[in-house]
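Going down the list, the protein sequences come from chains A and B. Everything in the first sequence is counted per the numbering used here, starting at 1 for the first residue and increasing by one. Everything in the second sequence is counted per the numbering used here, starting at 1 for the first residue and increasing by one.
These are computed hints drawn from the structure, not numbers from a lab. Note that the structure is predicted; figures quoted are calculated from it, not measured. Where a beta carbon is used, it is the ideal one built from N, C-alpha and C, also for glycine. Incorrect hints may appear among the rest.
Unchecked claim - Coverage of chain A stretches by chain B, computed from C-beta distances (three or more under 8 Å per stretch; other residues unrestricted):
(1) 28–39
(2) 120–134
Stated by the list, open to error - Cβ-Cβ distance ranges computed for the label pairs, FRET-style:
(3) Trp143/B with Gln135/A: 36 to 42 Å
(4) Trp143/B with Ala339/A: 53 to 59 Å
(5) Leu50/B with Phe15/A: 48 to 54 Å
(6) Gly10/A with Val165/B: 44 to 50 Å
(7) Gly176/B with His91/A: 54 to 60 Å
(8) Ser14/A with Leu172/B: 56 to 62 Å
Here are the chains, one letter per residue:
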Amino acid sequence: MSDPAVRLSGLRKSFGAVHAVTGVDLDIADGEFFAMLGPSGSGKTTVLRMIAGFETPTSGTVELGGADVTRLAPFERDVNTVFQDYALFPHMNVLDNVEYGLRVKRVPRAERHERALAALASVRLEGYGGRRPGQLSGGQRQRVALARALVNRPRVLLLDEPLGALDLKLREEMQVELKSIQREVGITFLFVTHDQEEALTMSDRVAVFNEGRVEQVGTPAEIYERPSTAFVAGFVGTSNLISGEAAQAVLGKEGTFSVRPEKLRVAGLGESVDGAEHSATGTVSEVVYAGPATRFVVELDAGGRLIALQQNLQVSSMDVMSLRGTRVRLVWHRRHEFAIVS
Amino acid sequence: MNTTANTTPPGPPPSAAPSAPRGGTTPAPGGPRRRLAAILHRRARLRLSLLLSAPMLWLGVAYLGALAALFVSALWRTDTFTGDLVRELTWANFRELLTTEVYRTIALRSVGVAAAVTLIDLVIAFPMAFAMAKLAPPRAQRWLVIAVLTPLWASYLVKAYAWRVLLSADGLLGWGYGLTATIITLSYLWLPYMILPIYAGLERLPNSLLEAAGDLGARGRRTFRTVVWPLTFPAVVAGSIFTFSLSLGDYITVKIVGGRSQLIGNVVYDNIGAANNLPFAAAVATVPVLIMLAYLAAVRRTGALENL
């Protein structure tokens with residue numbers, strides 16, 4: 001393939017003494033659904049705003065489809081943004097909102113109208129053209145914002161915490177919907193989120209941000225199963241670290257290692273362990289029953305603690321609660337433990 | 001002794017518990033103040049009417065009452081020879097006002113001055129308010145608001161006389177006195193009243209709307225025309241109500257820098273003082289009131305009255 005849809009090279013941004021972005025290099029391929037995941041203040045939104053053109057980088061470049069756009073104004077870039085607060089124009093109806101970009105580009109009235117209606121249909125809002133944004137629900141506004149951006153057929157669609165303002169149920173629906181819309185239109189989606197589950201379920205690839213840098217880039221499975229740093233292991237899922245003396249005692253090797261909670265099996269002390277497995281003994285200090293699964297916090301005899309997640313296939317809350325304070329053996333397959341760069 | 005009971009309604013007092021029957025058959029502990037607080041806590045309507053009584057009284061008696069008195073006295077007349085007040089109802093004052101050429105000219109001139117001041121203030125205030133609300137860093141914003149407010153803390157007369165000195169033939173500007181000088185001085189005096197509502201309106205305008213317009217391809221001018229202006233128009237009208245009404249009623253600035261030109265305010269003033277014709281002064285004074293009422297009725301639909 002030719003140039004990537006977005007290429008960021010050595011991107012930095014400082015606001016006075018605050019260094020929001022401290023060197024980001026990223027290539028995002030055409031047609032990709034790409035997530036920038038990180039806690040608040042990790043610089044992900046600032047990167048998005050530099051791609052949109054709302055902020056000018058302190059240094060580094062932004063390329064769109066091979067062309068350097070670092071110094072171009074937002075209206076000169078072939079990207080559109082879905083804002084966190086949707087930023088719908090409250091004094092215009094839905095149709096005028098969606099047509100805004102086309103009107104600016106002097107698209108003839110008939111075509112403008114047709115494309116706007118098609119965009120509204122693609123987000124399942126037929127017949128809502130005459131309403132004011134104030135008369136719509138959060139989810140509907142979100143979809144109007146999406147239609148208003150998509151109708152311009154940008155090279156890249158930027159989404160800033162697109163589902164952040166929706167309640168859980170609606171958020172889950174919109175995750176599926178966004179994904180299918182992206183597949184239909186084939187436009188590169190680049191979205192910012194602090195919700196690791198959202199990033200894992202929706203995107204083709206994820207970049208995990210921390211303190212203005214990218215910690216790791218990879219597919220959701222890579223990020224989750226093979227986090228390369230302690231931060232990624234902790235931010236994406238539960239960090240289950242075995243380090244120092246405990247690593248020596250349990251695994252017989254130096255360094256810091258991580259095992260995901262659902263990879264751990266809670267077994268009796270006398271459980272036999274085969275050669276492909278590792279195990280550690282400890283005491284259950286906490287049992288958290290969560291409906292479909294139960295979380296066990298186990299204090300290891302060798303030091304440190306691990307969290308094990310067990311599906312409640314046969315057991316009920318009454319059964320698992322009695323396990324608090326008992327001695328157990330945690331067992332896992334060797335291939336599920338991996339070294340962490342600290 | 002419970003000192004909090006008379007200032008704030010306490011969190012549900014024992015007698016206000018939902019299970020307690022109305023009227024307080026369970027004796028409320030504490031003194032009468034606490035009991036009063038409990039009653040007020042339960043009866044929202046009584047509480048509201050007590051709270052509103054003072055402002056309503058002020059509005060009803062001091063403002064509307066005074067206006068009514070003005071209208072009534074405009075219908076009286078003075079005895080031509082003795083100068084005594086004759087309390088008989090007559091339309092004579094208004095007839096004279098409407099038929100005399102000079103009063104019509106003065107009324108139109110006053111509206112013209114008020115409109116010019118409003119327009120000048122708008123042209124100066126909008127860019128200033130925009131810079132304050134959208135371009136200045138947050139810390140500078142506070143100082144700029146204070147800078148805009150400080151002229152209001154100085155005496156009106158000091159400012160008017162300062163302009164008199166500036167405008168006098170041998171002053172720094174030396175443009176002389178007259179209607180133009182009046183407009184310049186009034187524009188200066190009322191500028192903060194235009195800046196502040198527009199500033200407030202622009203502050204309420206989310207930055208993301210401006211960014212969204214730019215993101216969709218609009219340049220500055222189009223963003224202003226299609227997004228900023230329609231959404232801040234009510235704030236502009238709110239500011240214009242101040243500048244227009246304050247200019248319409250002014251008579252001191254005209255006296256200080258207006259040279260020989262007269263505005264409605266001067267006619268009122270002269271009829272109270274020199275001419276000693278209070279009823280006619282009242283009749284003249286109703287003219288700006290009516291103009292403002294018409295203006296308010298016209299702008300009511302823009303939503304500007306919610307922006308005051």
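For each hint, the structure was consulted:
1. For the region 28–39 of chain A, the assignment as covered by chain B is violated, since 0 residues bring a beta-carbon within under 8 Å of that chain's beta-carbons and 3 are needed.
2. Under the rule that three or more residues need a Cβ within less than 8 Å of chain B, the assignment of the region 120–134 of chain A is violated, with 0 such residues.
3. Look at tryptophan 143/B against glutamine 135/A: about 40 Å separates their beta carbons, and that is inside 36 to 42 Å.
4. Against the hinted window of 53 to 59 Å, the Cβ-Cβ separation of tryptophan 143/B and alanine 339/A comes to about 55 Å, which satisfies the hint.
5. Range check, leucine 50/B to phenylalanine 15/A: about 51 Å between beta-carbon atoms, so the 48 to 54 Å window is met.
6. Taking the beta carbon of each, glycine 10/A and valine 165/B are about 60 Å apart, not inside 44 to 50 Å as hinted.
7. In this structure the supplied range 54 to 60 Å is violated for glycine 176/B paired with histidine 91/A, their Cβ-Cβ distance being about 45 Å.
8. Judged by the Cβ atoms, the range 56 to 62 Å given for serine 14/A and leucine 172/B is violated: they are separated by roughly 45 Å.
Against the hints set out earlier in the document, violations occur for numbers 1, 2, 6, 7, 8.
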